[in-house]
Structures are given as structure tokens and as C-alpha cells.
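The hints should help you fit chain B with the ligands onto chain A, whose structure is shown.
Protein chains in written order, with this note's numbering: chain A, -4 to 401; chain B, -4 to 401.
Identical copies look the same in the list; a pair holds intra-copy or inter-copy alike.
Lysine-lysine pairs mimicking DSS-like chemistry, simulated, CA-CA at most 27 Å apart:
(1) Lys72 to Lys103
(2) Lys72 to Lys200
(3) Lys382 to Lys103
(4) Lys200 to Lys382
(5) Lys85 to Lys103
(6) Lys78 to Lys382
(7) Lys382 to Lys(-3)
(8) Lys78 to Lys326
Just so you know, the hints here were simulated from the structure itself, not pulled from any lab data.
2 protein chains.
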Amino acid sequence: MKIAILGGDGFVGWPTSLHLSDQGHEIHIIDNLSRRWIDTELGVQSLTPMDSIQERTRIWHQETGKRIHFHLIDLAKDYDVLKNWLAEHKPDAIVHFAEQRAAPYSMKSDRHKNYTVNNNVSATHNLLNAMVEIGLDAHLVHLGTMGVYGYSTVGAAIPEGYLPVGIETMTGDTVNQEILYPANPGSIYHMTKCLDQLLFQFYAKNDQLRITDLHQGIVWGTHTEQTRRHEQLINRFDYDGDYGTVLNRFLIQSAIGYPLTVHGTGGQTRAFIHIQDSVRCIELALADAPAAGDRVKIFNQVTETHRVRDLAELVAKLTGGEIVNLPNPRKEAAENDLIVDREQFIKLGLKPITLAEGLLEEVIEVAKKYAYRVDRSRVPASSAWTKEIAQTVDTDPEKKRLKAVS
Amino acid sequence: MKIAILGGDGFVGWPTSLHLSDQGHEIHIIDNLSRRWIDTELGVQSLTPMDSIQERTRIWHQETGKRIHFHLIDLAKDYDVLKNWLAEHKPDAIVHFAEQRAAPYSMKSDRHKNYTVNNNVSATHNLLNAMVEIGLDAHLVHLGTMGVYGYSTVGAAIPEGYLPVGIETMTGDTVNQEILYPANPGSIYHMTKCLDQLLFQFYAKNDQLRITDLHQGIVWGTHTEQTRRHEQLINRFDYDGDYGTVLNRFLIQSAIGYPLTVHGTGGQTRAFIHIQDSVRCIELALADAPAAGDRVKIFNQVTETHRVRDLAELVAKLTGGEIVNLPNPRKEAAENDLIVDREQFIKLGLKPITLAEGLLEEVIEVAKKYAYRVDRSRVPASSAWTKEIAQTVDTDPEKKRLKAVS
Ligand SMILES: NC(=O)c1ccc[n+]([C@@H]2O[C@H](COP(=O)([O-])OP(=O)(O)OC[C@H]3O[C@@H](n4cnc5c(N)ncnc54)[C@H](O)[C@@H]3O)[C@@H](O)[C@H]2O)c1
Ligand SMILES: NC(=O)c1ccc[n+]([C@@H]2O[C@H](COP(=O)([O-])OP(=O)(O)OC[C@H]3O[C@@H](n4cnc5c(N)ncnc54)[C@H](O)[C@@H]3O)[C@@H](O)[C@H]2O)c1
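Isolated chain A (complex conformation) (with noise of 0.2 Å):
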């Protein structure tokens, strides 16, 4: 197949661009870059040394002979170029990662508000926009994320994208239907693919396009077989407050002896999955295309769960780290219970990794090895969900002690 990886610059669209490559499809990634840039806004840089994308498809078709081609387009902005560009391409399949994906950056201020908003919005509008213009009929595979469903706990598990109702008639009958779950998202990042779940919803019912959509839990890892092939092939990490997420967070805190900086109680239960698993989720996603005229398929791409407490406590004893609580700068439920169905994937075939398989030794490798290039001062997590939380807030546990001792 003939597949463009939008956003195949980042965390999971690079290792899913290599292990598609692998496997002998046509790879074509479609980047602006943004992923970089704001690393250079933060001031901070992938734990592991990543090279420039040309340079790790280079590296990429040394080892294997095989090329990966890259074009610098900006979907949010550039609606023309896109359009030309499928038109010439015709691509069989998309898979569109190329959004900005983190909630606390998505929170940083009005500013970082807008730009997720437009960003996202935009980006997965013109590509809809564009495959029904030019009559695309290619599979799109995007990737959405469990916090569309807001953690609900009404008691029951979440379904896979639909949730059955019984809805009460005039007649005072009750008719069962199968409703898009409802969004409850818990930040703009997450209301952003809840957008993306209307404007794909729309775009199947009035223009039959063949969509998937994904619903990410947390990844964590950094290797693939692809990526542990060649050092500059390796995949980013990002361990900083803003774009760091909460396992390999916790890991890069116990490399660089820093606390484990657990947010509330860490009564917060989270869906997880690893970055081996979300790769081949995407392959068996792409071979499962719905038929035009189908209705959004929706897979939560999600292996296990776990409360984060249990999993500081888990690096802890790994590693002897010390786990520090600390005020959460986000607006959510202290406690939540997370039951998720993920029936689909398995029957297509998906063995599940868990953290009970070694893998977390892995990670804790990779963190030691790079644990020089860390900068302490971006591990805090320091974007609040409100102007009062970020009063209230003292993100940095390093400064507390350096103030109990003064």
C-alpha cells in the first residue's frame, strides 16, 4: 500500500512509519515540523538525541534499502498544497497523528489555547475537506485518544466509541440505540478530538469516507524493533512537564534521582499502552478498513490500566526512587475508576505487552543512558488547568526542599 503518515515526525508516527516501511508499504510522511519548534518555545529537547527527519531517513534507507520520502506541509495551513499533494499521490491509506497532542500545553495560556484549537481543528478539517473535493477514496486511521470520554464513572466499562442507550418514546416505549459516547473531555486537547469525532462523524455520513479512529491511551516505551536497529534511528522522549507523560515521566525522575511527582492522591486511573503495541495496533487498524457508507470504527487502543499512585510505587521499588505528592495543576476528580472494553483489537490478533514484561528495565536503560541531557528545571509540570489552580500550585518539588532548608 501507498500510505501517508501525517505527522510522521513524532513519538508514534515515527516508529509506526519505520515498522510500515518494514513490513513493505510505500511510506510517505507529511510533517510540518511544529513538534521541534516547540521544543525550541519550551526550551527544552527529546531525551534521546533525535536527529533531523531527512537524516533518519537516510539512516533509515542505509540499513534497509528501503526509502522513506518526507514533505514539509503544514495541514493546518496549507489547504492547497495539501490537496495537490493527495491528488498527485492518491495515497490507499492515511494515518493522521499531525495534531498538537498535550494537554497541559493545551492549558499553558490563552495563547496555547488558540493555537491547539486552530491547529487541530484545522488540520483535521482540510484533510476531510480535501479527500472528498478530489474524490479520495483512501482508508483515514486517526488517532484520537481515551480522554474523549472523559473518565466517566457511571459504573459502566467504555465501550468502543459507541455507547447503547434506551431513550424513552412518546408512546412511553423504550428504544435501544447506539450513540456516539458522550465527550466529556478534561482539557483542550482532548475537546480537540472531540471536535475531530463530529467532523468524522459528519464526513461518513455525507461523503462515505472510510474512517478509523483510534482511541490512544497513554503511550509509554520509547523502542520498536525499527528503532533499535541503528542509535540514529532512535525514537524521541519527552520527559519534560508539558509533553512528558506520566510512566516514562516517572522513569526519567528516578534516572536523574529526582522525586516521582505524583499529582493529588495519584488516585487518577489511566489507560496505557505501549509504544511496540501502538504501532502494531495501527497495522491491524489499517487492515481492517470499514466500507464505504460504515459509520466511524472506533478502537480504544489501549492495553492496560492502572491508578498512578501504583505505578510510582512500582517504579519506586524498580528503582529506589522517592515519591514526592504534590497539588495537581489539573481540574479533575482526585479518585477515578477506568474499566475499558478492547475486545477489537484483540480479536484481530493484538498480544498485548505489559509492564510486568521487562520492558520497564528498557526504558529505565534509556533514561540512565541519556540522563546527562536532562535539564531538571523542565521536569516540573507547571501548566494549570485554571488561574486559581495556578495559584495554588507549587510544581516544584526540588524548590520546596531547597525552601524547608532555608
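Then chain B with the ligands, alone, in the frame of chain A:
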């Protein structure tokens, strides 16, 4: 109260501004005049000769001694200007009309789809974002549409925003919850109003903004008590295939001896409200603000429902016009029922104006008076919902007759 009327130069915004000014409120219209520009783009003009906003407000002052202030701001593009304006003027309430509001226009081409999404999402999000940023605790009243419900035909009356559903839990019990009515928009325009809903839900939850969303039916009529006071206070009257709405279109069609164009069987049931009731509803909604922390308050701003073909027959009977059935440029069910809950406004004191009440004659008079200004070539509805429909739709009944002759 000091009230900002966003989109106050438009069809509903202008009479609302007059109505609220008449009641003694301090009125500030914010508008980018994009609707006037779209008239220019489409090569159409309001049936009624409509003065500039500056001239209209001058006349209002001359007639009543009251000032309506006008500020040229693009909500979608001038975030900082908007923010500074709000910070300086601190309105008590904001009425938000400022969106691209024609479904056919939103489906015209890929450019129009993008424009509608970007304009509407950015306008609404910029506003919410700015309110939070400057800590403005104003009551926000937004004009939504009945179209967010997608005229769902589950056999239940359409509730005012929230649907009670039963959800089965893992223990087999049924939990009853109220959810935002599942969105099922029928056009890009309607979809943007569904996106708005999610934005409102998020900002009400995360930032305690006080928001009322009015799901309005199709507005008919042209005069209100205030627009009648002076020839130059006259409201706009759209009759073209994109902006003209069904009942007003039938009335102008009959006034110029043009066939009454019914799409498909005319079996679509739509919700209606007279312009005088529309402005009255906004007054009532303003006086009934939710408290900080409340969920978004949603009203159905509708007074009656009718099948399109019944309306055509009513107008034909009144005026002797001829009905012609044309292929439907929209993608929608040929026939639908529609029963709408609308108790909240009645409870607040609305006494609905109905079609039966003689106001149809008033519109016919306006239509006849200005019939000389009509461009017949702009009457057909030519924006098709998909490229397939575009090929089958011959939307011009006059051409058809010419063809039959030649
Ligand atoms: N990483 C996770 O834990 C996680 C969890 C759930 C869902 N997701 C989703 O998976 C996708 C990929 O996540 P990631 O961690 O790889 O993110 P990332 O930020 O590392 O990668 C996103 C890529 O998209 C590019 N991009 C952003 N906006 C663009 C635009 N307008 N035009 C072109 N390119 C653009 C960026 O430059 C970047 O390379 C995202 O959509 C994200 O929301 C990620
Ligand atoms: N007219 C109807 O039948 C009807 C029915 C249901 C809902 N509504 C809703 O009511 C509202 C008003 O409808 P209307 O018929 O008066 O529409 P309109 O097009 O006549 O008025 C909208 C006004 O908003 C302005 N505007 C648009 N984008 C703007 C921006 N980015 N910045 C500043 N100003 C902007 C336009 O210039 C225009 O003056 C709309 O939101 C519409 O969706 C209307």
C-alpha cells in the same frame, strides 16, 4: 445592562440590538460586516434596501435619542482586539450571533466549508478564551440551531438540549443520566454549531462560564416593533438560494410570480419562529442567566413546526402561486417528523406568534413593495451537498420551462 451584541449587523442581531436598546440597555454591536461582503461575493443583496450600520445607528439615535455603538472587530481573526475590547468595556452580557449561518453556503465548495469551520469555531473559541483570560463574568447567550439535533426520528420529542437516557452498568443495573443530545448535523454549518456546544460544555465546566445556548428554528418575517419605526431602520431580507430561508423564500417567490420551489416531496418538517419572538426570546434568556458552575442552559427557540409542502400550499393559497417540485440539493431524509419541547420560554412568559396571525400578509407586502429589486437568477438554490447530488440537481424551474418550450 451593558450588552455586547456580536453579529449585531445581521438579520436577527440588528432587531435584537434595537429591541434591547429600546428597553434601556447600553448596546455595543461588534461585527466584521462579513455578511455584507458575502452579499457582494454572491452578487445578491437584501430585498430590503439596507443602510450601512453607521447610518442605521444614526437614524436610531435621531428617532429615539438612544445610542447604539458599533465596533468593527473580526471575532475569528482579531483575538487580541476582542480581548482588549472586553477588558475595557466589561459588558454584563454578551449575545453571540456572529457566525456564518447558511447551510447551503457552507456546502458550496471546499473553500466555503473551510471558511465556515474556521470562522465559526474561531469566533466562538476566541470569545470563550478571552472571557476566561480577563476573568470576565458576563452571561453569554449564543444562537445555536435546531439543526444540531439533526431532526432525529427516534419517536421522542426533541428535549431542550439534554436527553435522559438509561445506561446499563457492569452489575446489570440501569443508571439514568442526562446527556447532551447526540449531535447529528446535516451540513457543515450545522456541524459548527455542534462543535460550539462542546466548547461551551468545556468552558462551563472548567471555568464556570455562565452560558445559555438557544437552539433556534428558522426565523421568518422581517419587521419588529422597532424596525417599523423608520424606513431606514428596516431589517435585511434574504431571498437568494443560499441565505434565504424557506418561508421567506416562498413569500418572495410568489410576489415576483416565480414558482414556489419545493425540494423533493417537501416532506421535511422544520421548526419556525417569527423574528419578533426571536428578539423577545433573547430578552427572556438574558433575564434568566445560569449561575456560575451550572451546566450550559439550553432552550429550544421555536414556536411551531411545519412540513415544507404544507407551507408552500399555505402560501400558494394566500397568493395564488404555483408549486414546483425540484430535486433536493441537500442530503437528508425525504420525510421526517419533528416534535419539539419548548416549554421553558413559555414558562418565562413568551406568547408565541403563529403563522395564523396575519403577519404573513405583512411579509407579502414587504415582498411586493421591493419586488423590483429581486434578481430572479439568484432565487434558485444551487449549492449541492455532494458532488453526486450536484450532477443530478437541476435547480432552476425557469430554465426547465424554457427547455420544455424549445
Ligand atoms: N503520545 C501519547 O501518549 C498519545 C496518547 C494518545 C493519543 N495520542 C495521539 O497520537 C498522535 C501522535 O502523538 P505523538 O505522541 O506522536 O505526538 P507528537 O507531538 O510527538 O507528534 C505529532 C506530530 O504531528 C506534527 N504536526 C502537528 N501539527 C501539524 C500540522 N498542522 N501539520 C503537519 N504536522 C503537524 C508534529 O510536528 C509532530 O511531529 C497525536 O494525535 C496524539 O494526540 C498520543
Ligand atoms: N436566520 C435564521 O433563520 C437562524 C435560524 C437559526 C439560528 N440562527 C443563528 O442566529 C445567528 C444570527 O443569524 P442571522 O440570520 O442574523 O445571520 P446573519 O448572517 O444575518 O448575521 C450574522 C452576523 O454576524 C457577523 N459575523 C459573522 N462572522 C463574524 C466574525 N468572525 N466576526 C464578527 N462578526 C461576524 C456577520 O457580518 C453578520 O452581520 C447565527 O448564529 C445563526 O446561526 C439563525
